[in-house]
Structures are given as C-alpha cells and as structure tokens.
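Trainee: Chains B and U supply the protein sequences, listed in that same order.
1 is the number of the first residue of the first sequence in the numbering used here; add one for each residue after it.
1 is the number of the first residue of the second sequence in the numbering used here; add one for each residue after it.
In short, the hints are calculated from the structure, not lab data.
Treat each hint with caution, since some may be false.
[Claimed, not checked] If you only want the chain B side, here are some residues facing chain U, beta carbon under 10 Å, derived:
1) Lys119
2) Ile121
3) Lys205
[Claimed, not checked] With a cut-off of at most 25 Å between alpha-carbon atoms, the simulated BS3-like pairs for lysine-lysine come out as follows:
4) Lys18(B) - Lys207(B)
5) Lys238(U) - Lys213(U)
6) Lys255(U) - Lys18(B)
7) Lys119(B) - Lys207(B)
8) Lys111(U) - Lys138(U)
9) Lys238(U) - Lys119(B)
10) Lys111(U) - Lys180(U)
11) Lys7(B) - Lys255(U)
12) Lys73(U) - Lys7(B)
13) Lys18(B) - Lys180(U)
14) Lys111(U) - Lys119(B)
C-beta: ideal position from N, C-alpha, C; glycine also.
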Amino acid sequence: MRLEKAKLVFRKDWMEIKRNWQVILPITILPLVISVVLPVVLTLIPSLVPASQTQVNGFDTLIQNLPSNVQEQLAGMTDVQSMVYVMALYFLAPFFLIIPLMASSVIASDSFAGEKERKTIEGLLATPISDSELFFGKMLVSFVPSMLVTILSFAVYTILFDVLSFSIFNGMLLLPNLDWILMIFGLAPTVALASIGLTVIISSKVKGFREAQQISVILLLPILALVFGQAAGAVIFGATMIAVLTAVFAVIDFAVFRIGVTTFKREEILAQLA
Amino acid sequence: MTVIEVEDLTKRFGAFVAVDRLSFGIEEGEVFGLLGPNGAGKTTTIRMLAGLILPSRGWAKVKGYAVGSNSLKVREIVGILTENPSLYERLTAMENMDFFAEAYGLSDKQKKQERISELLEFFGLWERRNDKVATFSKGMKQKLAIARALVHEPPVLFLDEPTAGLDPESSKEVRDLIAKLSFHENRTVLLCTHHLEDAEKLCNKVMIINRGKNVIVGTPTELRDKISGTPTVEISLKKLTFAVVEAAKSVSHVKQVDADTANSKLTIVLDDPQKGTPEVVEKVVEAGGRIFAVRLVRPSLEEAYLKLIKEEQR
C-alpha cells in the first residue's frame, strides 16, 4: 500500500468536507457543547446541595457498588466532593468514546455512498489507486477530524473542569489523569477506527448516504452499553481495562480493515450507479 | 502494433448479457469507434477495458497488460472520460486537476503545474481555474473532464461520448484534439459515441454493437458500402430534357435513372460508378445537357447506421 495515495484521497475529501457546513457544524458543535456543558453542570452540584448537607441521598449505595480501588480514592472526601470526583473522572468518561463515533459517522457514511450519489465515484475508481489505498484514505478522512474534535473537546473539558472545580477540591487539579490519557489517546482512536472501518464498508455497499448512516447508527449501540454500564457503576474503566480494550480494538481494527479491503468491489459500486 | 486486444469478451449481470463475445483489435495511433444505441453495451465494454469491472468470459489486454490480473497497471496507462464527468463540484477546476494528476502519478510539482496549465488553457478554462466546478456549465464540465483524462499524457484513451453537452464550436475543438492526439501524438483512442458525425470524421475503424453483440466492424467507408451498397452519381444540369434522360439511360453500366425536373437533377445508379460515370457524362453532354456539377453520393454513416440498427431490431 502506497501511503501517499491514501493521503491524496484524504486531502481531496478533506478539501470537500471543510467547505460543507452541513458536515462541519454537527461534527464540531455538539462535541464542544458537551465538553462545555458537562463540567459546568458538574461543578454546579455543590451549589445545588445545601451547605449544611454533607450527605447526598442514595449516594452511599452508588459508592458501595464501585470497585475498591475507586472507593480508596474517595477516602477523606465529602459526599459532594466524591460525587463530583466520580462523575467527572469515571461516569462521564465514556461520553468521550461517543464523540469520535458521532463525529466520524457523517463523514464515513458519506465516504463511498456520497460519491455514488454525486456521481463522482467512477472517475475515482478509474484512477490507479488500489483498493487498500482508497479504503484507507476514506478511513483517514473520517478518523483525523473526529479525533481532532475529540482531543479538542477533551482539552476544553479538562481545562473547564479544573478551573471550575479548583475551589471544590481545594486547589487540586484532577484532570488529566492516566486513565483519561489512555482513553483519549488509546481507546478512543481504536474504537473510532473500528466503527469508521465498518461504516466505510457499509457506505461502499449501499446506494446512498442516508441508508449508510441509518445502518451505521447500530454501531453506536455497544458503545452506548458501555456508557450506561459505567454510568450505572456496572463497568468502571481503570487503566488496565482501558489498555486491554485498546489492544482488543487494535486487533478488531486490523481485521475490519482486511475485511473492508477484501470485500471492496469496484464492480458492485459501479452497478449501483443509476 | 496492436495496443488493445479483445477476445470473446463477455459481461453478464445475472441473467442479463450486457456484452456478448466481442472480439477486436486496435492498432497504435488508431481511433476506434464503438457505436450503438443506448444500452448496447458500450459503457460496459469501456469499463471492462479500463479495469473497472471484470469480464465474465473472454479476455482483454491493453498494451500487453491483462484486464483483471493487471487492472492497476491498465488504469495507470489509460485516460478515461466517463459517461458522467465525475468531477468534484465543491473543488475548483485547479484542485480537481491537481488531485487527478497526482492520482495518476504526476508527482513532480513543476511538471504537474505545467501540464495542468497547458490543458486548462487549451480548453479555455484557465481564467476559471479557481472557480468551483459547481459554477461551471455542462460544456465546461465536459471540457474539464476531458482535460482530466489527458492530464497524465496516457498512450491509450477511452472516451465515452466526448462531445456530449458541447456546443458546435467546442465539439469541433474536441474532434480536432482527438485527431491531433491520434495522428500527431500516436495515441490510441477508443471512442464511444452515438454522434455519427464524430465517428465519421475521426475513426479509422468503427464497430457497431447492439444488445452487446458485434453487428459489423470496418472503416466508415466499408460500413457505408456494406450496409447501403454502392454510391450513386448525381448530375446537376442547367436544364433537364427528355433527350438527356434517355442518353443517360443508354449507357450500359446504368441500372436506374431518377429525374428531378424541378431541380434539374439526375440521380443515377450504376454497376460500377468508377467506370460508368465518365461515359454517362459524355452521353449527357452529347445530348445537349449543360452540366453544373457531378457528385458521387454515398449514404452517410448515420443513414447506414440507422438502417442497420432498424434491421437488427426487427
């Protein structure tokens, strides 16, 4: 595979995407809003709990369900501090796995299906760019912006949370920590690549963008299960678990790429043109 | 040297046979026309030869590279104008050209820019190079798509309806360009068209296909002769008299004489126009006929084509 050809496909698609506000707006605004709203809401919790109240109703049960290592981290904290700590560092973490999926979904769904709809695909398929270069280029153009948005959202979330929670934790800065760094720079990219790969495969098989996007929404379900699992305290992402999941997803990424290239058929794509 | 070799080429889509056992060869520098009505299999044939789809049966080679096993190499040496212009409308003309130039392997920045400038200037698009393709007229898009096909100076060109959507002036420019590419630059061109005028003016050889099958192949002249028989002789006179008509009929090679008195014109069918025409002219003059012009009239390729397609569809 010639990487420069994949990069060429990436550059061409990126030039098109950055001129399309219908794509740019949803992939940037929503993640950034989440990364601003979440820390603001979190740090508002202390002001919602009366100063005299040191116990938060039902919170004890939630804490008891957490793994012992997390409970140890909470030793010496008030309930309000514990609540903000657990939510900011653990419960909201999986939202940052959803951001790259949301951001990449529109672009990955459009990758081949959009070219079919706009009748530009035949010219592209006629070039001496191999299947793997084409497939990888299409993956890159979904991956790079979605990860940029994710990292930017993470930066905004971290800075805002640290600034706003400065007084709650008596000047202690909680983010970024090792778990979050592993998640943003390890797990999020590998999860995103798997989802992008599958969406690009779907996009090459269906006739239009809408169809591709509707099918690709199904890919969000396992990640949503993780989000709700962690929010309910059923699954907690510790550094080891994140590292293991990253390795597992790296293998899945490779498999998805191989399947994508093997099942990529120029003929099938052309047959779908009106 | 045979640049394109096609043997028993067949393409099936399920039960539908789009291309049915086509065999032909195209020599270097030749313009080969593929003619046929809509749905005849022209585009499918081009797609197979360009390495975009695989044949169901038979084989094809382009400059010795087998379609299928060496499709990537085939795509490198071929310039293709697809049925749709296949241009990126959110990109400018320059950006489109730049992308395709690099995709076809033009990595030297200076050479690439020179080639793109040359083509955009030739097609009159230089002033609009920084405008998005979405703002272009249909004709401008077609010109840009042709420029894209030529950007890597391919030795083999597949042009699917190159003059579609162009005004007469631009059509002529494109025809002149194809002639130049073939005659002066020795490039091999496979031209898919239902513009008979293009085929007649440009093609060394023409193949008419219908329902995926080869109906007839030959030079445009051979095709006309095969389909519509020998040419007729048309004589325009100052005045058409009974004596003149009788004189023409008296010639041994003459099979039929049609007299158009309103236009003072004789249309004569001869066994052998080469031999018979001088004798006819001599007899007409002897009978007092004053001749303005003598023309050998062949049926146009269009007439021949329409006749053939009609017969095929019966």
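Trainee: Each hint should be assessed against the structure and marked as holding or not.
Mentor: Structure-based check of each hint:
no.	hint	in the structure
1	Lys119	holds, 4 Å
2	Ile121	holds, 7 Å
3	Lys205	violated, 16 Å
4	Lys18(B) - Lys207(B)	holds, 24 Å
5	Lys238(U) - Lys213(U)	violated, 49 Å
6	Lys255(U) - Lys18(B)	violated, 73 Å
7	Lys119(B) - Lys207(B)	holds, 11 Å
8	Lys111(U) - Lys138(U)	violated, 28 Å
9	Lys238(U) - Lys119(B)	violated, 59 Å
10	Lys111(U) - Lys180(U)	holds, 22 Å
11	Lys7(B) - Lys255(U)	violated, 71 Å
12	Lys73(U) - Lys7(B)	holds, 20 Å
13	Lys18(B) - Lys180(U)	violated, 40 Å
14	Lys111(U) - Lys119(B)	violated, 29 Å
Violation of the numbered hints given earlier is confined to hints 3, 5, 6, 8, 9, 11, 13, 14; the remaining hints are satisfied by the structure.
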